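Asks: Using the sequences and the hints given, assemble the complete structure.
Sequential numbering from 1 applies to the sequence shown in our numbering.
Keep in mind that the hints are not guaranteed to be accurate.
Claimed, not checked - Subject to a maximum C-alpha distance of 20 angstroms in a straight line, what follows is the list of computed PhoX-like cross-link-like pairs (lysine-lysine):
| no. | residue 1 | residue 2 |
| --- | --- | --- |
| 1 | LYS78 | LYS12 |
| 2 | LYS111 | LYS139 |
| 3 | LYS140 | LYS94 |
| 4 | LYS46 | LYS187 |
| 5 | LYS89 | LYS12 |
| 6 | LYS66 | LYS94 |
| 7 | LYS66 | LYS140 |
| 8 | LYS46 | LYS94 |
| 9 | LYS201 | LYS76 |
| 10 | LYS88 | LYS76 |
| 11 | LYS11 | LYS89 |
| 12 | LYS89 | LYS78 |
| 13 | LYS46 | LYS111 |
| 14 | LYS78 | LYS66 |
| 15 | LYS66 | LYS88 |
| 16 | LYS187 | LYS139 |
| 17 | LYS139 | LYS46 |
| 18 | LYS66 | LYS46 |
| 19 | LYS66 | LYS89 |
| 20 | LYS12 | LYS88 |
| 21 | LYS46 | LYS18 |
| 22 | LYS11 | LYS78 |
| 23 | LYS140 | LYS46 |
| 24 | LYS139 | LYS170 |
| 25 | LYS11 | LYS88 |
| 26 | LYS76 | LYS29 |
| 27 | LYS170 | LYS29 |
| 28 | LYS111 | LYS140 |
| 29 | LYS29 | LYS140 |
| 30 | LYS11 | LYS76 |
As the list claims (entries may be wrong) - Computed Cβ-Cβ distance ranges for the label pairs, DEER-style:
| no. | residue 1 | residue 2 | range |
| --- | --- | --- | --- |
| 31 | PRO149 | LEU169 | 25 to 31 angstroms |
| 32 | GLN22 | ARG202 | 22 to 28 angstroms |
| 33 | VAL167 | ASN41 | 19 to 25 angstroms |
| 34 | ASN41 | LEU185 | 17 to 23 angstroms |
Since the hints were made in silico from the structure, they are not lab data. Since this is a predicted model, take the numbers as computed values, not measurements. All residues carry an ideal CB built from backbone N, CA and C; glycine is no exception.
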Amino acid sequence: MVLEEILLHAKKLNYLGKPPVQDHILNAKGFIQTIQELETNLEQVKLVDLGSGGGVPALILIDYFKNWEFILIERKEKRAEFLSWAVKKLNTGKRIEIICDEVENVARSSKYEATVDFVTARSFAPPPTTAECACRFLKKNRYLVVSEPPNTTNRWLNTALNETGLVPLKTTKQENGTFQTLELLEKPGNRLPRRPGVPRKRPLW
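Replies: Below is the structure:
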């Protein structure tokens, strides 16, 4: 299986965490299940993955949703090069864009602002940073889906979230992990996201 070989290579490069590759794949399948429960019309969808790194969940989603467009954002050059190699191995054609830059910079580009149906994040950053970096990509009434730590509670309930325009929609606990979905109900505040590094150093809450 080409996908599994790619992820094994990512693990050798230390781009994936300690769990076996199969566990990473199962967690990515949890993203698929969560997305399918949110959206019945799954044609002509665009998805941004934040901090794509070793390719989970991005490469599994790319392999599954074969008509979707994807934007993979990774700030580290070597990991971005790995992702470029991986999508060539998967023979995905021209529907994948890989950007080596800070997420905050990409989100501020008029090319990407309010153009996306889903943003996914796995081990990217704590909730305030993830929400701030994701919000400007999304079209109104579209979704941020985040893989959550086990036994997580109320990480997203804070009035400071209002500035992002995102609202917690539901927490989904399933066999392959726990996933938080947020919906963009209002346009994000004009200052968001702030310049690279600031959302981590001075989080909204």
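Asks: Evaluate each hint against the coordinates.
Replies: Here is how each hint holds up against the structure:
Of the pairs offered as hints, the one joining LYS78 and LYS12 holds, with about 14 angstroms between alpha carbons and a cut-off of 20 angstroms not exceeded. With a C-alpha separation of about 13 angstroms, the suggested pair LYS111 and LYS139 falls inside the 20 angstroms cut-off, and the hint holds. Only pairs whose Cα atoms come within 20 angstroms are accepted, and LYS140 paired with LYS94 is rejected, the gap being roughly 26 angstroms. About 19 angstroms separates the Cα atoms of LYS46 and LYS187, which keeps this hinted pair within 20 angstroms; it holds.
The straight-line distance between the Cα atoms of LYS89 and LYS12 is roughly 17 angstroms, inside the 20 angstroms bound, and the hint therefore holds. Our distance criterion of 20 angstroms between C-alpha atoms is met by LYS66 and LYS94, whose separation comes to about 11 angstroms. At roughly 24 angstroms between alpha-carbon atoms, LYS66 and LYS140 are farther apart than 20 angstroms, so this suggested pair is violated. Taking the CA atoms of LYS46 and LYS94, the gap is near 13 angstroms; set against the 20 angstroms cutoff, the hint holds.
For the hint pairing LYS201 with LYS76, the CA-to-CA distance comes to about 19 angstroms; that is within 20 angstroms, so the pair holds. The hinted pair formed by LYS88 and LYS76 meets the criterion: a straight-line CA distance of about 19 angstroms does not exceed 20 angstroms. For the suggested pair LYS11 and LYS89, the alpha carbons sit about 16 angstroms apart, so the restraint of at most 20 angstroms is met. At most 20 angstroms may separate the alpha-carbon atoms for a hinted pair to count; LYS89 and LYS78 meet this at roughly 17 angstroms.
Distance hint between LYS46 and LYS111 is fulfilled; the C-alpha atoms sit about 13 angstroms from each other, no more than 20 angstroms. Pair hint LYS78 plus LYS66 does not hold up; C-alpha atoms about 26 angstroms apart against a cutoff of 20 angstroms. With a C-alpha separation of about 14 angstroms, the suggested pairing of LYS66 with LYS88 holds against the 20 angstroms cut-off. Of the pairs offered as hints, the one joining LYS187 and LYS139 holds, with about 9 angstroms between alpha carbons and a cut-off of 20 angstroms not exceeded.
Using a Cα cut-off of 20 angstroms, the hinted pair LYS139 and LYS46 holds, with the two alpha carbons roughly 10 angstroms apart. Distance hint between LYS66 and LYS46 is fulfilled; the C-alpha atoms sit about 11 angstroms from each other, no more than 20 angstroms. Under the criterion of a C-alpha separation no larger than 20 angstroms, the hint pairing LYS66 with LYS89 is consistent with the structure, at around 14 angstroms. Straight-line distance between C-alpha atoms of LYS12 and LYS88 comes to about 19 angstroms, which keeps the hinted pair within the 20 angstroms bound.
The suggested pairing of LYS46 with LYS18 is violated, with an alpha-carbon distance near 30 angstroms, which exceeds 20 angstroms. At roughly 14 angstroms between alpha-carbon atoms, LYS11 and LYS78 fall within 20 angstroms of each other, so this suggested pair holds. With a CA separation close to 14 angstroms, the supplied pair LYS140 and LYS46 stays within the 20 angstroms bound. Distance hint between LYS139 and LYS170 is fulfilled; the C-alpha atoms sit about 19 angstroms from each other, no more than 20 angstroms.
Distance hint between LYS11 and LYS88 is fulfilled; the C-alpha atoms sit about 18 angstroms from each other, no more than 20 angstroms. With a CA separation close to 25 angstroms, the supplied pair LYS76 and LYS29 exceeds the 20 angstroms bound. Taken as a hint, the LYS170 and LYS29 pair is honoured in the structure, with Cα atoms around 18 angstroms apart against an allowance of 20 angstroms. For a cut-off of 20 angstroms, the pair hint linking LYS111 to LYS140 stands: about 16 angstroms separates their Cα positions.
With a C-alpha separation of about 25 angstroms, the suggested pairing of LYS29 with LYS140 is violated against the 20 angstroms cut-off. The hinted pair formed by LYS11 and LYS76 meets the criterion: a straight-line CA distance of about 16 angstroms does not exceed 20 angstroms. Between PRO149 and LEU169 the Cβ separation comes to about 19 angstroms, which falls outside the hinted range of 25 to 31 angstroms. Look at GLN22 against ARG202: about 38 angstroms separates their beta carbons, and that is not inside 22 to 28 angstroms.
For VAL167 and ASN41, the Cβ-Cβ distance of about 21 angstroms falls inside the hinted range of 19 to 25 angstroms, so the restraint holds. For the pair ASN41 and LEU185, the beta carbons lie near 20 angstroms from each other, so the given range of 17 to 23 angstroms is met.
When held up to the earlier numbered hints, the structure conflicts with 3, 7, 14, 21, 26, 29, 31, 32 and fits the remainder.
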